[in-house]
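Enquirer: Using the sequences provided together with the hints, build the complete structure.
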Amino acid sequence: MTDQEKIAMLEETWELDEGTLTADTVLADVDEYDSMAKLSLIVLMDDEFGVKLTGDVIKGFETVADILKLMENA
Amino acid sequence: MVFSNYEGIRIACIAASVPEGRVDIAAMADDPNEDPKFVKSFIKKTGIAGKHKCGMDQTAADFSYTAAKQIEAAGKYTPEEIGVLINVTQNPDYRTPSTALVLHKRLGLSKSCLAFDVNLGCSGFVYGVSLAAGMLMASDAKKALVLVGDTLARSRKGLGVDQRSSNTTLLFGDASSATLLEKDDASRLTSALMSDGTGHKALSTPYNAWKHPVGPESIPSDDIAVFNFTINEVPALVEEYLTKLGAEIDGYDDLVLHQANMMIIKNIAKRVGMPMEKVPVSLDRFGNTSGASVPLTIVDKYGSCDENKEVRLLTSGYGVGLSWGVMEVTINTKDILPLTYGKDRYDDDYPDE
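Protein chains in written order, with this note's numbering: chain V, 321 to 394; chain D, 421 to 773.
Check each hint, because a few of them may be wrong.
What the hints assert, rightly or not - Not everything, but these chain D residues come out facing chain V in the computed CB check (under 10 Å):
1) N453
2) K457
3) K465
4) S607
5) D642
6) D643
7) I644
8) A645
What the hints assert, rightly or not - Derived lysine-lysine pairs resembling DSSO-like cross-links, with alpha carbons at most 27 Å apart:
9) D:K754 x V:K379
10) V:K379 x D:K465
11) D:K698 x D:K721
12) V:K379 x D:K464
13) D:K473 x D:K763
14) V:K358 x D:K496
15) D:K686 x V:K379
16) V:K372 x D:K473
17) V:K372 x V:K358
18) D:K457 x V:K358
19) D:K489 x V:K379
20) D:K763 x V:K372
21) V:K358 x D:K465
22) D:K721 x V:K372
23) V:K372 x D:K525
24) V:K372 x D:K690
25) V:K379 x D:K621
26) D:K464 x V:K358
27) D:K473 x D:K721
28) D:K763 x V:K358
29) D:K686 x V:K358
30) D:K690 x V:K358
31) D:K686 x D:K489
32) D:K531 x D:K473
In case anyone wonders, no lab produced these hints; they're calculated from the structure. Just so it is clear, CB atoms sit at the ideal spot from N, CA and C, and this is done for glycine as well.
Expert: Take a look at the structure:
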């Protein structure tokens, strides 16, 4: 799966327009990245990549690239 | 899990009651004191567009009383038949005694009846019914009443009414339920219960009790920990319980889940393999009603059903504790009473300071 495909999955999960995110996007700057978005990220990572995210791991995410890295490891 | 098998016990009747006062969350988007974007986003994400909230002159016990009296009025029990009264609540009338004793008086029950409160939240229905079933099976009591009710929407001191809404203030609705258990040789009840005290801080109101006598009314919950707990532990327990029973999820008419929020409901349903058509939802109109949400959802779906048919429901409650459980409920739809809007109030003659 390419980074672009992974980013598209994140955009779909958070209901963002296509092209909103890049690997460098700072999550704190994304209005839609709220508590519920974090829950939908947990589901995406578990269902699609078999990765169980804890609160501490999510707190450590600064950019979209940090999430993409975990998708790579799956 | 702790698996329990209560031979000769059945659920004879279920009733639920909510306050008349309705909060239209959708309409809040037009309120100049609210943030419309936040309100719309809340509704979309949680699925909660309305709820019922009581005033300062009513407590959870009033709605539990209304629901219990409805079962009595339906001819399902007489006060002297009740030998077990369990009141599950996080919002007791008093610090002491147990509100169950106040309800014992109000319901006119006999002295040959044990009565006490249990402090549990969203797992309260499964726990309360399981406890009562065990006590009924082991005793010479004829019938048991399990009351489960909270008023998490109503603030304790009447504060916060002018504050802008937040996730917590919008999420919860007020409701109570009453469930009647009786002996029946041809029936049995089973349950699976679990606890994890390492999660006691995930959902907690630590202040204004004995360890921290003074402090804020509430503290933020650890939403991620709670979410991970529900979507992992609940499906695992459902699977273990079904295996123990030798049952399949397809064999149930409905999966009745605690109405936490839509995301949790959908994810648990997906993970246990139940299609959403067989997962009734009441939170869109009643919010998250804590321990009463499972019986309220049953009443919401079947309370006005004219058919005389037996339904087999798989129920699950999960939340504060952390505490969770699963229980099969087999009941005739005529024994599920229509929803009531509680008007009862209790004047205890204590002066307010």
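Enquirer: Compare the structure with each hint and give your call.
Expert: Comparing the hints with the structure gives:
{"no.": "1", "hint": "N453", "in the structure": "violated (21 Å)"}
{"no.": "2", "hint": "K457", "in the structure": "holds (9 Å)"}
{"no.": "3", "hint": "K465", "in the structure": "holds (4 Å)"}
{"no.": "4", "hint": "S607", "in the structure": "violated (38 Å)"}
{"no.": "5", "hint": "D642", "in the structure": "holds (6 Å)"}
{"no.": "6", "hint": "D643", "in the structure": "holds (5 Å)"}
{"no.": "7", "hint": "I644", "in the structure": "holds (4 Å)"}
{"no.": "8", "hint": "A645", "in the structure": "holds (6 Å)"}
{"no.": "9", "hint": "D:K754 x V:K379", "in the structure": "violated (50 Å)"}
{"no.": "10", "hint": "V:K379 x D:K465", "in the structure": "holds (21 Å)"}
{"no.": "11", "hint": "D:K698 x D:K721", "in the structure": "holds (11 Å)"}
{"no.": "12", "hint": "V:K379 x D:K464", "in the structure": "holds (24 Å)"}
{"no.": "13", "hint": "D:K473 x D:K763", "in the structure": "holds (12 Å)"}
{"no.": "14", "hint": "V:K358 x D:K496", "in the structure": "violated (47 Å)"}
{"no.": "15", "hint": "D:K686 x V:K379", "in the structure": "holds (25 Å)"}
{"no.": "16", "hint": "V:K372 x D:K473", "in the structure": "violated (37 Å)"}
{"no.": "17", "hint": "V:K372 x V:K358", "in the structure": "holds (12 Å)"}
{"no.": "18", "hint": "D:K457 x V:K358", "in the structure": "holds (18 Å)"}
{"no.": "19", "hint": "D:K489 x V:K379", "in the structure": "violated (49 Å)"}
{"no.": "20", "hint": "D:K763 x V:K372", "in the structure": "violated (47 Å)"}
{"no.": "21", "hint": "V:K358 x D:K465", "in the structure": "holds (12 Å)"}
{"no.": "22", "hint": "D:K721 x V:K372", "in the structure": "violated (35 Å)"}
{"no.": "23", "hint": "V:K372 x D:K525", "in the structure": "violated (50 Å)"}
{"no.": "24", "hint": "V:K372 x D:K690", "in the structure": "holds (17 Å)"}
{"no.": "25", "hint": "V:K379 x D:K621", "in the structure": "holds (18 Å)"}
{"no.": "26", "hint": "D:K464 x V:K358", "in the structure": "holds (15 Å)"}
{"no.": "27", "hint": "D:K473 x D:K721", "in the structure": "holds (21 Å)"}
{"no.": "28", "hint": "D:K763 x V:K358", "in the structure": "violated (41 Å)"}
{"no.": "29", "hint": "D:K686 x V:K358", "in the structure": "holds (16 Å)"}
{"no.": "30", "hint": "D:K690 x V:K358", "in the structure": "holds (19 Å)"}
{"no.": "31", "hint": "D:K686 x D:K489", "in the structure": "violated (34 Å)"}
{"no.": "32", "hint": "D:K531 x D:K473", "in the structure": "violated (34 Å)"}
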